[in-house]
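S.K.: Listed in order, the protein sequences are those of chains A and Z.
Count the first sequence with my numbering and you get residues 282 to 601, in order.
Count the second sequence with my numbering and you get residues 282 to 601, in order.
No lab work stands behind these hints, which were simulated from the structure alone.
Given the structure is predicted, the values throughout are model-derived calculations rather than measurements.
By construction, the Cβ of each residue, glycine as well, lies at the ideal position given by its N, Cα and C atoms.
Any given hint could be a false lead.
Unchecked claim - To give an idea of the chain A side of the interface with chain Z (calculated C-beta under 10 Å), a few residues:
| id | residue |
| --- | --- |
| 1 | L427 |
| 2 | N450 |
| 3 | G460 |
| 4 | V532 |
Stated by the list, open to error - From chain Z, some residues computed to sit far from chain A (all C-beta separations above 10 Å):
| id | residue |
| --- | --- |
| 5 | T315 |
| 6 | A336 |
| 7 | E382 |
| 8 | K409 |
| 9 | R479 |
| 10 | P502 |
| 11 | G548 |
| 12 | L579 |
| 13 | K580 |
| 14 | K597 |
| 15 | S599 |
Here is what each chain is made of, one letter per residue.
There are 2 protein chains.
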Amino acid sequence: MKRYVVGVDVGGTHTKLALLDLRGRILAKDSFLTRAYKKEEIVKAISDASAGLIAKRGLKKKDILGIGIGVPGLVDFKKGLVFYFVNIPAWKDVPLKKKIEKATGLTTFVDNDVKVMALGEIAYGAGKGRSNVICMTLGTGVGGALIIDGKMRRGASLVAGEIGHIPINENGARCNCGGAGCLEAYVGREYFLDNIRRELKSGAKSLVRVMVKNRLSRIQPEIMMDAALKGDAFAKRKWEEMGTHIGSALVGVVNFINPGIIIIGGGIAEAERFIFGAIRKTIAKRAMKVQGKAVKVLKAKLGNDAGVIGAAEMVKRSLQ
Amino acid sequence: MKRYVVGVDVGGTHTKLALLDLRGRILAKDSFLTRAYKKEEIVKAISDASAGLIAKRGLKKKDILGIGIGVPGLVDFKKGLVFYFVNIPAWKDVPLKKKIEKATGLTTFVDNDVKVMALGEIAYGAGKGRSNVICMTLGTGVGGALIIDGKMRRGASLVAGEIGHIPINENGARCNCGGAGCLEAYVGREYFLDNIRRELKSGAKSLVRVMVKNRLSRIQPEIMMDAALKGDAFAKRKWEEMGTHIGSALVGVVNFINPGIIIIGGGIAEAERFIFGAIRKTIAKRAMKVQGKAVKVLKAKLGNDAGVIGAAEMVKRSLQ
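Whole structure, please, built from the sequences with the hints as guidance.
M.R.: Below, the structure is given as structure tokens:
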């Protein structure tokens, strides 16, 4: 009986690995610095660390259902091909599934990290037991995943889920994706910080100015959060504006897709208390009645383990 | 063997009925004026006309797979409950499925007319054989339907598909739905005409002014189409603006859902030559590369028969 799964969460900084049972419980963990390895080397690093975790628990290859890997980039799930990794420019069109399978002899599945996180959340987290779920991650960029009628929906060319590139204004600012007015061009990390710096340069009053000793380039989301927690009105307003922008994009998603839950995770989502109120208010105010009542906006629950738990869940679901 | 289906298309003005075989071919047709009947009476009108069509072809109840009905309103597909009909205010929370089944003794399915039209288009029309399809109808309002991985997706409370209520501007004008900046508030029939009247009042030059003898209340989409066909620059621009607004909403749908086809139908879609170019241009310019390349924007193909063909297809799909 194959009763265990290896979950791998490849991050820009760290790669986390875990051995899990089929109920998503973590039995052993490992991690390494992603940047310490180059393209081909990381295949070996993942394979070796996986084998190590399996051996550590006295298990054999025949006990393992497979390996699931979440990566921060564009992935062809069917082929297990990683088109690119965010933050790792040297990685282009890597057939990661095949390489790991060859190295380990274990069935492997690879997908984008937000989709993987979403599977974890519907299996064990904020979306447990729900079948119409939208997931969103707030960080450097804005990621998304779309679960409809209980299944991950990948679209006609397997790249569905780009919730950050829903335009919220027809004449909005240029977005890195080539479009204009995209949600990400308002709430992505650098856009958010640039906007704050501009307002401060134009004379907005804020504690933030003192906190960074007037060196505006030092402003980071963490500082904006600190300032908001200290009661700074400017910082609170900027987080609320972020929530309103996110809410505007979600109104369209709510009206069109009619989801039961929207789960929001990622680094910046830690500023929950300031963002979530504005998101919920915008949806309550602008979404259609039936759809607005049907949806709950919740924070992701699995935290740092979301990646490895979701990756393991992906293996289970793919083999069922 | 049950080899025939009755398809019913309840419209604001006419109700059309057809007897079809299982390949979607129409064998006999009938129709009546919807407004000639009140709530309870229309159940009898549909039942009688259906029985008439069946008898006309010398068939019996045992030859009929079922009755499919498309209605212009909000429907709970599972229960066959019509919450309301657009244009027929007296109809509220009608259990149409049960009533027709009781009257005819035939299995009946009821859904919103745009969803029904979408099923027809993926079975026999513009979306034949495709599994990721968005449908949109342009008319008094803007309707939509969402087919993902080959199936109609109805959402957590069965009202998914409201593509007309995707906001395209954060600070846009109020929409009838209670929201603001919705696509429908730009391109729905009355909003579109109001905007035209306002521009003409402010002095815009156009042939339209002459065509309606300066009585702006007489302006209708048909007149705007005539004027555009005659080369009127103002009329052409207004249709292109409509296309750009629609394109803006579709960019978000394309990036997030990654559909293979978008099918556009409905009365105003007849102004195809002016609208479609602007829609395609907006998507090409603003959507993400992979998603933008994957999608085609096509005109609905089944025309006036879309409703009855789609209604018959709904019966087939629901019983398979």
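S.K.: Compare the structure with each hint and give your call.
M.R.: Each hint, compared with the structure:
Because the closest C-beta pair between L427 of chain A and chain Z is about 7 Å apart, less than 10 Å, the hint holds. At about 5 Å, the closest approach between the beta carbon of N450 of chain A and any beta carbon in chain Z falls short of 10 Å, and the interface hint on this residue holds. Against a cut-off of 10 Å between C-beta atoms, the interface hint on G460 of chain A holds, since the closest Cβ of chain Z lies about 4 Å away. Annotation: interface hint on V532 of chain A holds; nearest CB of chain Z at approximately 5 Å, less than 10 Å.
For T315 of chain Z, the non-interface assignment is confirmed: its Cβ lies about 25 Å from the closest Cβ of chain A, beyond the 10 Å cut-off. Under the 10 Å C-beta cut-off, the non-interface status given to A336 of chain Z relative to chain A holds; the minimum distance is some 39 Å. With a cut of 10 Å on Cβ distances, E382 of chain Z stays outside the contact zone with chain A, its closest approach being about 25 Å. Listed as a non-interface residue, K409 of chain Z keeps its Cβ farther than 10 Å from every Cβ of chain A; the least gap is roughly 15 Å.
Under the 10 Å C-beta cut-off, the non-interface status given to R479 of chain Z relative to chain A holds; the minimum distance is some 18 Å. No beta-carbon of chain A comes within 10 Å of the beta-carbon of P502 of chain Z; the shortest separation is about 22 Å. The non-interface label for G548 of chain Z is consistent with chain A: the shortest C-beta to C-beta separation is roughly 22 Å, beyond 10 Å. At roughly 14 Å, the least C-beta separation between L579 of chain Z and chain A is larger than 10 Å, which holds for a residue marked as non-interface.
Distance check on K580 of chain Z: its Cβ is at least 19 Å (rounded) from any Cβ of chain A, clearing the 10 Å threshold; non-interface status holds. Remark: the non-interface label on K597 of chain Z is consistent with the geometry, its nearest Cβ contact in chain A lying 20 Å away (cut-off 10 Å). With a minimum CB-CB distance of about 15 Å to chain A, S599 of chain Z clears the 10 Å threshold, and the non-interface call stands.
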